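Asks: Taken in order, these protein sequences are the chains called A and B. The numbering of the first sequence is my numbering, which starts it at 853 and goes up by one. The numbering of the second sequence is my numbering, which starts it at 3 and goes up by one.
Note that these hints are calculated values from the structure, not bench results. Treat the numbers as computed from the prediction; the structure is a model and nothing was measured. Be aware that a few hints might be false.
To be verified - Computed from the model, here is a short list of chain B residues facing chain A with C-beta under 7 Å:
no., residue
1, V22
2, I45
3, P62
4, G66
As the list claims (entries may be wrong) - When the alpha-carbon atoms are kept at most 20 Å apart in a straight line, the in silico EDC-like pairs for lysine to aspartate or glutamate are as follows:
no., chain 1, residue 1, chain 2, residue 2
5, A, K1010, A, D1119
6, B, K61, A, D1041
7, A, K854, B, D52
Ideal placement from N, C-alpha and C gives every residue a C-beta, glycine not left out.
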Amino acid sequence: MKNHNEMIDKVLERRAEYENTQKAKYKRTIAIVISCILVLATTVSVYAISSIIKEKNIFQKAHESGIDISEVDTNGEFEYEDFSDKAKDENEITSETFEDPKVDIFNKMLNTIDHFDYLFLTLETSMLNNDKTSIEFQINITDGLSYEAVKENGYVLKETYCKDGNMIYVDNREEAYIENYLPAFDRSDTPYIKLADRITTEEDGLPCYHYRKNITNCPFASYSIVPQELAFSYLKDFENWEIVDNGYEYLGRSCVVLEGRTTPYIDEKHGTDKFTMVVDIETGILMSFEGFKNGTAVSYTKVIDYSFESDLSVKQFDINNYSFYEKEER
Amino acid sequence: MDNGASSYRRFLEGDDNGFVSIIDEYMDGLLFYLNSLVGNIHIAEDLTEDTFVKIITKKPRFSGRSSFKTWLYAIGRNTAVDYLKKKSKYVSISLQDCVQISDDEISLELSYIREERKIIVHRALKRLKPEYRQIIWLIYFEGFNNKEASVIMKKSIHNIETLVYRARRSLKSELEKEGFIYEES
């Protein structure tokens, strides 16, 4: 019989297997789709070329008869269409835009990771310990580097470093660190998911939410930088919220302001019946969140500083800084 | 606040420790519940693992209409029912197997159920019909009320009340056969 730790290891191992299988299935589906598109494109191309040849024959005959070519195609039906680009576009969906601004901003929030490579950001939140917590993020997706620090009263409680796929978690209160704390991800692990496929219904009738991987490799990025969970929780019912300002400036960024009411479930779990979100238009990053109960602000998260510059260096784990810390096994 | 619900939320937000807490808190209870369905502690262990894997990979939505534990047990039951449907054509568990108690189960009983009186009742459950085993486990060992048990077992509350009555009568009879005095509580 397995004890709790063995059960945990086994479940995590099977999740990794499941994710690999899903990845393989996805690749197989993509391959089938590409093959179908190629076959279709070839058929269409052959048809198009045969049409061109037919037209050329008409022109040739006109030339031989001494008729001006411009008089042949009097209906203007001859058109050249470049099928190769069309086939390429249909083959690979990497983004979507929607006419409805609410749908568009919702989808942007689910795909923030597609809109930046480098980000240094600091936020304040009351949602961790009902007190002011500051979280600093340093992210370089291109090189797979990241650093996250959770601070209270100026003291760094915990840190997460990521480099070369190794995520290291440091608990400064326990004076301990854990290597390979959680799986680390990069862009190749998480292709774009069409919005229509984001929420599906399982056989047992329960809705299933499809998340893209958090390739920032910062666990608390979900509070602002990768706000998929918050978007699903607060915005999936479009009747519950509105865009009240689509030209709001927040720390120099063009943002939209969303206001709405929560579902009974969120009201019970988060203790908020209304909310306001400030969302960066370009990236979908949640710049500010405020939750209200009976008209009183009860929770908040707000970005207080950020930079998208690529030349800032991400803090790296240096064992010398933690030489007396205990190394724990995952 | 429901610990399981907050742990699950943490997990959905990317913190795997949330899921570790769920396994720590609910694994043993769920294992015994599934054991009451399938009557084999090793199969129940596999089904417990399957239940957790289903949650960690599919991330089903927890609506909060019931407690987290009720929701988790309902998923566990669905997993076990699927298993029983698939295997019923090929596998038959002999009564002897059902009544036998493995060393592993004894060790789990000692760590999870603890009280000797309850352990005696738990062993007597093995001789009851699967539905009686389930309802007794949910109501008397796990502390679910009739409404919660009705959600898990997908039955009406009236059906649950009837089932509880019959299960208690059957349990009483089994305990009395072994010379124990059954006390109504």
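Asks: Taking 20 Å as the top limit, are the C-alpha atoms of K61 of chain B and D1041 of chain A close enough?
Replies: Holds: K61 of chain B and D1041 of chain A sit about 18 Å apart, inside 20 Å.
Asks: Was the hint right that V22 of chain B lines chain A, CB cutoff 7 Å?
Replies: 5 Å, holds
Asks: Restraint: P62 of chain B near chain A, CB-CB cut 7 Å. Satisfied or not?
Replies: 4 Å, holds
Asks: Taking the least C-beta to C-beta distance, is G66 of chain B closer than 7 Å to chain A?
Replies: 4 Å, holds
Asks: So, I45 of chain B near chain A? Judge it on the closest CB pair being under 7 Å.
Replies: Hint on I45 of chain B: violated, closest Cβ of chain A at ~12 Å, above 7 Å.
Asks: Next pair to validate is K1010 of chain A with D1119 of chain A; report whether the Cα-Cα distance is within 20 Å.
Replies: 29 Å, violated
Asks: Given the hinted pair K854 of chain A and D52 of chain B, is their Cα-Cα distance within 20 Å?
Replies: Judged against 20 Å, a Cα distance of about 13 Å means the pair holds.
Going down the numbered hints, you'll see the structure goes against 2, 5, while the others check out.
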